[in-house]
Amino acid sequence: MKEVLLEAQGLTKHFDVSEGFLKRKKAMLRAVDGVDLTIYTGETLGIVGESGCGKSTLGQLLMRLLEPTRGTLSFTGSDFLALKGEALRQKRADIQIIFQDPFSSLNPRMTVMEIIAEPLKTHRIAKGRERVERVYTLLDAVGLDRSYARRYPHEFSGGQRQRIGIARAIALKPKLIICDEPVSALDVSIQAQILNLMARLQKEFQLTFLFIAHGLPAVKHISDRIAVMYLGKVVELAPKQALFAQPLHPYTEGLIRAVPIPDPAVRDDRERVMLEGELPSPVHPPSGCRFHPRCPYAQASCVTEEPMLTEKESGHFVACHFPLEKTRKDLM
Amino acid sequence: MASYIFKRLGEMIPVLLIISFIVFALVFVAGNPVALMLPEDASQEDIDQLTASLGLDQPFLVQYGKYLFHLVQGEFGESFRYNTSALPLVLERLPATLELAVAALVLAVTMAIPLGIWSATKQNSPVDLLAAGGSVIGKAMPNFWLGIMLILIFSVMLGWFPVSGRGTLGHLVLPALTLATGLAAEITRLLRSSMIEILNQDYIRTARSKGMREGMVVYKHAFRNSLIPLVTVVALQTSTVVGGTLITETVFSWPGLGQLLIQAVHTRDMAIVQACVFVIAVLVIFMNLVADVLYRLLDPRIKYE
Amino acid sequence: MKKDTLLSVSELKTYFFMESGAVPSVHGVSFEVKQGETVAIVGESGCGKSVTSLSIMGLVSSPGKIVGGDIRFHGQDLTTISEKEYRKLRGNDLSMIFQEPLTSLNPLFTIGSQLDEVILLHQQVTKEEARQKGIEMLKKVGIPRAEQVYRSYPHQLSGGMRQRVMIAMALACEPKLLIADEPTTALDVTIQAQILQLMRKLVKDNNTAIMLITHDLGVVAEMADTVIVMYAGQVVEQADVFTLFAAPAHPYTQGLLASTPKIQTIEEELQSIEGTVPTQETMPKGCRFFPRCPHASEQCVQNQPSLLKIGGGQLVRCWLFDAKEAASG
Amino acid sequence: GDGHEDAAEKGTETKGESGRTLTIAIGTDIVSFDIHNHNNTSTEAVHDNMFNYLFKRDENNVIQPELVETFDIIDDRTVEMTLKEGVTFHNGDPLTSEDVKFTLERVAADDTLQEYPNYKQIKEVEVIDDRTFRVITHEAEPSLFHRLSRLGSGILPKTYIEEEGWDNFLANPVGTGPYQFKEWVRDSKIVLTPYENYFEGVVEEWDEVVFRVIPENSTRVAELLTGGVDIAVNLPPADWERVAENEGTSVKTETSNRTIMLILRATEGYPTADLRVRQALDLAIDNKAITENVLRGGGIPTKTRVAPGNFGAEESLYNTYDYDVEKAKQLLKEAGYPDGFEMTLHSPHGRYLQDAEVAELIAGMLQAVNVDVRLELMEWSNFVEMRQAGENKDAYLIGLGNSMFDGAYSVDWYRSDRFVGETDYKNEEIDTLLEASAVNLDVDERAKQIQEIQRIAAKEVPHIMLHQETINYGVSDRIEFVPSMDEMIYAPAISRK
Amino acid sequence: MQTDTTMASPAERSRRIRSNRLLTWSRRLLRSKTGTVGFILVLAVLFLAAFADVLATHNPNEVNPALMLKPPAWLEGGSSQHLLGTDHLGRDIWSRMVYGSRISLLVGVTAVVFAGLIGVAVGIVAGFYGGWLDRVFMRLVDAFLSIPNILLALVILSVFGPGVWTLIFVLGVTNWVNYARLVRGEVLSMKEREFVKAARAIGVKNRMVMVRHLLPNVMSPFIVISTLSVATTIILEASLSFLGLGIQPPDISWGGILSDGRDYVATSWWLATFPGIAITLTVLGIIFLGDWLRDVLDPRGQNRR
Ligand SMILES: Nc1ncnc2c1ncn2[C@@H]1O[C@H](COP(=O)(O)OP(=O)(O)OP(=O)(O)O)[C@@H](O)[C@H]1O
Ligand SMILES: Nc1ncnc2c1ncn2[C@@H]1O[C@H](COP(=O)(O)OP(=O)(O)OP(=O)(O)O)[C@@H](O)[C@H]1O
Ligand SMILES: [Mg+2]
Ligand SMILES: [Mg+2]
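Chains as they are written, first to last, in our numbering: chain S, 1 to 332; chain F, 1 to 305; chain C, 1 to 329; chain G, 1 to 497; chain U, 1 to 305.
Rather than coming from a laboratory, the hints here were simulated on the basis of the structure.
Hints are not guaranteed to be accurate.
Unchecked claim - Calculated pairs, DSSO-like style, for lysine-lysine (alpha carbon to alpha carbon, straight line, at most 27 Å): (1) Lys33(U) with Lys122(F); (2) Lys205(U) with Lys173(S); (3) Lys203(S) with Lys262(C); (4) Lys121(S) with Lys191(U); (5) Lys220(F) with Lys88(C); (6) Lys220(F) with Lys84(C); (7) Lys127(C) with Lys220(F); (8) Lys175(S) with Lys33(U); (9) Lys120(G) with Lys101(G); (10) Lys220(F) with Lys133(C); (11) Lys122(F) with Lys65(C); (12) Lys84(S) with Lys191(U); (13) Lys84(S) with Lys205(U); (14) Lys191(U) with Lys91(S).
What the hints assert, rightly or not - Over 12 Å on every C-beta distance to chain S, these chain C residues come out as not near it, computed from the model: (15) Met18; (16) Gly21; (17) Pro63; (18) Gln76; (19) Gln99; (20) Gln124; (21) Tyr153; (22) Ala186; (23) Arg200; (24) Asp240.
If you're wondering where the values come from, they're calculated on a predicted model, not measured in any experiment.
We treat Cβ as the ideally placed atom computed from N, Cα and C, and that holds for glycine.
The task is simple: from the sequences and hints, build the whole structure.
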């Protein structure tokens with residue numbers, strides 16, 4: 001029933017951050033370090049994790065805006081990494097991206113019409129009157145007035161710009177859209193508009209989303225499955241109900257608990273299991289399980305052995321030597 | 001730090017190679033200097049003979065190869081005009097040029113800092129407008145004209161300073177002022193805009209929120225930060241200042257590189273032109289290196305190694 | 001227990017005088033903060049939260065200017081005191097943590113020297129005592145290896161650490177009022193939780209009043225005693241935190257609460273407030289919220305409602321209640 | 001020698017009042033102390049104080065022995081000379097025939113020296129005894145004495161140079177002249193002090209002579225006006241009045257040995273190939289207007305290059321000029337240019353007194369006879385290159401001196417095989433006369449031949465003579481200074497008032 | 001935006017927007033005092049240059065020995081024939097100034113455009129592709145930056161001989177590096193901007209990314225810097241004239257007039273004063289205009305101050 005749209009295996013991206021004369025000090029920043037991921041057609045896969053854990057890098061790897069250091073990537077069944085030149089350019093049309101920052105993601109010197117028409121023009125999809133019509137249809141779809149087509153980005157509010165970005169992304173009818181924190185820069189009251197819009201468009205155009213965010217509530221709202229990343233690795237991956245009902249990784253647990261709940265009534269009886277410490281450097285990640293310095297349950301083996309991402313329950317993957325259990329959690 | 005400096009010095013080599021090539025090619029294209037060396041009524045045989053004996057009839061690459069070979073030994077060849085090795089001639093003048101350039105830099109910076117800070121903190125005040133106007137005019141005046149005017153006013157009419165030459169501190173004032181004017185204008189403008197930008201930074205607000213006096217905020221927090229772009233720009237200006245000395249030295253008959261070089265250019269004295277350009281380039285690169293090191297000392301965000 | 005009023009702001013108006021004319025960023029804001037109380041101010045970006053807090057600190061910089069209203073701190077009107085007196089308050093009785101932990105510390109000075117600065121300015125202590133105190137403060141805000149951090153430069157610390165340093169700095173002179181302008185927005189949730197807990201603890205220990213500015217309703221629910229909701233430069237609702245979440249009165253507050261995705265439940269579709277925040281040019285003449293309000297009437301288009309008490313200490317700026325009031329009265 | 005120098009040094013310090021220092025502002029620095037390797041009058045002007053020549057021109061331009069006591073012409077190719085007694089170099093060494101041999105043979109043999117072409121005629125110097133020697137030339141050399149009265153015969157100290165090395169000599173030069181070297185700060189100043197054992201007696205007038213290098217005209221004037229210098233060379237004509245009117249300064253002028261002229265191109269195809277056109281151009285130029293207006297009297301109109309004071313001067317052609325616009329138009333019409341024509345005039349810029357201005361004025365004057373002048377002002381080195389490459393067009397402006405003071409060198413410019421492809425002027429009569437004069441040792445006859453050539457050239461106008469240039473000095477009233485035609489600044493001849 | 005409900009045809013609307021922009025610009029111009037002054041000054045110079053034929057009262061190269069060094073009309077001895085007096089060859093200074101504006105502007109503007117074309121192209125390509133291409137170009141830029149402009153100009157001019165086009169070439173060659181550096185820096189940061197990534201994600205070709213996305217966005221800093229460059233170029237031309245390598249007669253430039261007049265500063269001040277003032281005012285105008293442009297073109301400037 002579920003059709004695989006994209007599959008990544010051992011996807012890795014290291015940035016060379018060497019210093020010194022003739023690069024004597026070799027240093028690698030492991031932004032993404034061996035990620036396995038499958039995206040099914042029509043679903044929304046959410047990715048959460050702290051700032052700098054490699055979410056954006058992963059997103060850009062999946063659409064080959066960055067070249068992976070290692071790993072394989074197949075898209076609609078074919079090897080995506082093997083594509084070059086014109087073929088790659090053509091295939092790119094199938095994966096689009098919506099960025100976090102609605103201000104820097106639109107060329108300030110192009111009109112809305114030019115911005116949205118650019119993908120159509122690049123792939124020679126429509127010409128002249130027809131192209132204009134297509135743009136108008138897209139504007140309608142994202143809820144913008146057609147008369148805005150002649151304006152420049154700076155004349156719009158953040159929410160409106162994000163709609164323009166979305167219109168551009170869906171112009172090519174892509175199979176997959178990577179949403180890199182599309183709502184975190186927006187006002188609270190606007191966020192909901194955009195999330196609703198995206199959900200609607202997903203239905204309307206049969207889109208598949210990879211939804212990156214660090215705000216858990218939003219991710220939870222829109223996703224079917226959620227992957228939790230920590231320091232370049234996926235530490236837990238599960239359908240959202242399962243993840244929230246029973247997080248298996250201590251980091252996921254800490255993350256969920258840290259999210260403030262907009263209800264003063266519950267504030268005094270919430271458990272306060274606080275994750276201590278800060279995110280370690282991706283240049284010198286901790287040995288063994290990367291989470292061990294912050295993990296309240298860490299044991300000796302966590303320091304030496306790196307846990308693999310394994311399926312603990314059906315569809316629920318975790319990379320932890322000592323996954324949480326309900327019983328133990330209750331004890332806390 | 002040491003390895004950083006080492007690395008930067010290493011980077012100089014290709015740059016200097018490019019410079020040597022550019023200059024050599026230019027001088028080569030400039031053609032035969034021999035006709036210039038001989039009297040107006042010299043005959044063609046005389047000219048050919050001298051050309052051959054100076055090795056100027058060889059092909060470009062042969063000549064360039066020889067030049068490079070000598071270059072790595074610190075030799076730029078003999079000056080045709082002075083009949084001595086070019087490099088010592090150039091190095092001999094360097095102190096005078098440096099003295100002038102440094103004096104101008106110091107003068108410019110001491111004029112510009114108070115003006116720049118004042119303009120930034122009192123935006124659109126009469127002082128700001130005056131400084132803005134003054135600095136634009138300072139930039140807009142050609143150096144040589146300013147120099148001649150200063151001599152006319154301060155030496156001939158008022159008799160305050162000696163007209164020309166090098167010697168006492170008094171001799172330094174007018175040429176340094178000539179050079180410094182444009183520079184000070186540049187620095188004032190830069191300092192003003194960087195101070196304004198820095199005064200809008202969050203950490204300035206933090207400092208104010210501690211209850212610090214505004215003066216302290218400006219001098220301790222804002223000025224320290226604007227020193228960083230200042231250092232960079234002053235270093236970038238080295239090249240302009242040294243360029244400016246060419247003119248200023250001529251006006252004030254200051255015995256620096258300027259006169260030597262201009263004479264050499266006019267007489268096609270290749271060796272001197274090459275040595276001069278090279279030495280100036282090394283100087284400029286060195287100043288930029290110093291600026292970079294200073295920059296690193298001023299800004300802890302940049303790592304030492 | 002009865003608490004004394006520490007800060008009272010009334011009819012504060014702060015305008016920015018731009019090329020294109022005056023921009024009323026804060027347009028008649030009034031509220032009170034009692035001793036030891038945590039007051040949260042919520043509202044979307046640009047509604048004037050930061051300008052309000054800067055006005056209280058006396059740090060609105062040109063072209064901004066307080067053009068009306070008064071700010072009483074301990075009964076003293078801050079809008080009339082001299083700059084010198086103000087300096088004595090700042091960093092001492094009145095301190096502030098800024099929105100951006102990454103840029104609020106001067107990159108060229110060590111953490112220690114910036115921390116000492118505020119102590120030396122307000123307390124009669126020697127340098128060495130200031131150092132001791134500084135390190136102690138760093139420990140208090142939960143910074144490990146405090147001595148080492150004391151000697152570090154800001155860039156050597158992570159965002160969370162820097163924010164802690166800012167808090168240490170703000171609390172160094174045991175202020176009576178701490179203004180925290182979105183102290184956690186730039187941070188991750190796990191770090192945010194740490195910082196919020198820290199603030200809670202410090203307040204409890206010192207009986208410091210906090211003015212917490214945020215747009216995250218979750219943070220509000222966790223921290224606040226009283227909540228003030230701002231929209232377009234005005235206070236539109238004020239209530240104690242339980243009342244506000246249980247019975248929001250203003251349509252904007254209601255919309256805000258409804259459109260926040262919740263982590264505990266799953267909803268098919270979020271409710272949202274349609275439209276956008278008005279800009280200076282599109283500012284309505286009547287109620288500033290009317291173009292987005294589901295209950296807007298002709299009256300809302302024409303006239304501005306005033307801030308009304310609707311019982312239980314709840315205040316709201318809306319014609320719906322005015323009408324009720326009028327009917328009942 | 002050392003102790004002696006120290007004494008001199010101390011002497012100047014104790015007597016060192018500023019009134020006894022003579023300061024002279026020159027426009028360009030000396031090139032070097034290699035007296036044989038430059039062609040620069042201002043350099044020689046400084047050297048002149050430190051070195052002596054074998055012969056020297058007196059104030060009436062007559063060649064007189066200087067270091068030489070007596071001389072005797074042995075045959076066509078040999079002259080025997082005896083040196084004066086008691087002449088010593090600044091380091092104390094006596095002057096001997098060996099020094100003369102060393103000096104003259106160096107410049108006669110070393111073809112890299114710039115003065116070589118002027119001395120290559122000398123075959124050898126034969127030493128008879130300490131003070132007697134013979135100069136032997138390759139061929140009969142009519143202008144040998146002209147050669148021996150100029151820079152190449154400045155006598156160098158052989159022993160000093162051989163012992164201390166050439167570089168050391170250049171850094172601490174030693175001559176026999178009235179002044180000795182003290183200091184040279186390049187592009188700044190040269191300082192000389194009197195030589196106590198000068199063979200004609202030590203110069204008492206000055207404790208120190210300082211040549212200061214000041215390239216910018218206005219700066220030089222300003223120094224003079226403020227008393228910074230006693231003599232300033234080459235004042236711009238615009239400032240003459242100002243300097244003259246200023247209290248304490250005046251302007252002194254003297255004619256130089258340089259003539260400014262236009263060299264025309266007689267190559268077939270150029271309008272100037274036609275004699276009538278050349279004459280017309282000459283007639284159209286008002287030499288007087290140039291010297292009076294642009295040069296402010298700083299020049300003497302002339303129709304010959306060989307000015308009085310030079311061997312073979314034709315005085316009737318000097319201090320005169322032709323100017324007749326109507327006739328010029330007439331000639332042009334006859335030549336087939338009733339409506340004039342277009343021509344190019346190259347001129348250097350900043351080389352001679354007001355050169356560009358002169359050229360511009362000429363262009364304006366030729367306009368009056370409908371000749372359109374395309375003026376190309378060139379920086380000197382480009383100008384030299386243009387000439388070198390034979391790219392000269394209808395005319396170019398140049399100033400030619402004659403450091404030999406021998407008219408033969410001037411008229412040699414009319415030799416037809418000398419400028420083939422450059423000016424292409426050819427006159428068989430002149431060629432014959434030139435050939436005859438080259439080896440003619442009969443002084444009077446040779447002079448006549450040279451004069452004849454000048455007369456022919458004045459009619460044929462291969463070059464349009466403009467004027468003889470004037471040299472000028474701004475001089476402080478506190479000193480007595482008489483400029484000389486050879487442009488030397490001889491300090492012993494300058495005195496305090 | 002919400003209140004904008006009136007319907008209009010797209011063409012009409014875009015015209016309205018454009019004229020609106022023009023209106024806001026002129027309003028902003030009038031509001032900025034220095035901007036207005038700069039605009040007027042530059043306009044005046046352009047006017048002189050455009051209508052030189054009409055405005056000149058004499059042939060600028062016509063010499064007249066009888067009328068040498070006549071003072072300006074309003075002084076004793078001046079004649080109404082010669083508004084600003086005559087020079088040392090009796091040429092009319094006003095006419096020379098009027099014609100001089102042409103060459104000064106031509107040189108300034110053309111040189112900057114020439115340098116700009118090279119610099120922008122190199123900067124964009126080097127910044128966009130990075131890697132060895134970038135390294136090679138940047139070393140070249142370093143090399144050029146470490147030779148003072150005037151020095152390089154001096155050498156090249158003496159090699160090829162002065163002339164309007166050589167001068168333009170020289171000034172272009174010495175200037176392009178400034179643009180290359182600036183543009184490269186802009187491109188490096190622009191490249192990371194998300195709209196560029198978005199364009200690549202769409203599959204836009206590299207060439208088009210550079211032309212459509214990078215180029216327009218580096219234009220405004222370029223325009224700002226290049227206005228200032230026009231100013232410095234005019235001054236540099238004057239300095240080269242001083243060294244005898246500027247514009248040569250019969251072409252007329254302000255630098256040339258100024259440098260010719262420098263011998264007369266003390267005796268006939270008007271020769272050097274008028275071109276000096278003209279250069280200063282023009283440069284002043286251009287700098288002011290540049291400052292204003294920076295304010296208007298800076299998108300952040302829209303809602304600040
Ligand atoms: N081009 C690059 N060169 C070097 N390091 C990089 C580069 N791009 C990203 N990184 C580093 O890789 C790591 C992961 O970055 P990434 O942007 O993917 O994080 P993220 O999870 O998206 O964070 P955020 O939530 O802040 O967007 C970070 O440490 C970042 O500094
Ligand atoms: N320095 C300034 N110059 C001009 N206008 C300003 C300035 N600072 C603030 N404003 C304006 O004042 C209004 C309120 O700004 P303020 O910073 O108080 O908003 P905020 O509620 O703190 O928003 P955020 O949540 O984004 O911090 C905004 O419309 C803003 O444009
Ligand atoms: Mg990211
Ligand atoms: Mg704010």
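So which of those numbered hints doesn't the model satisfy?
8, 22, 23 and 24
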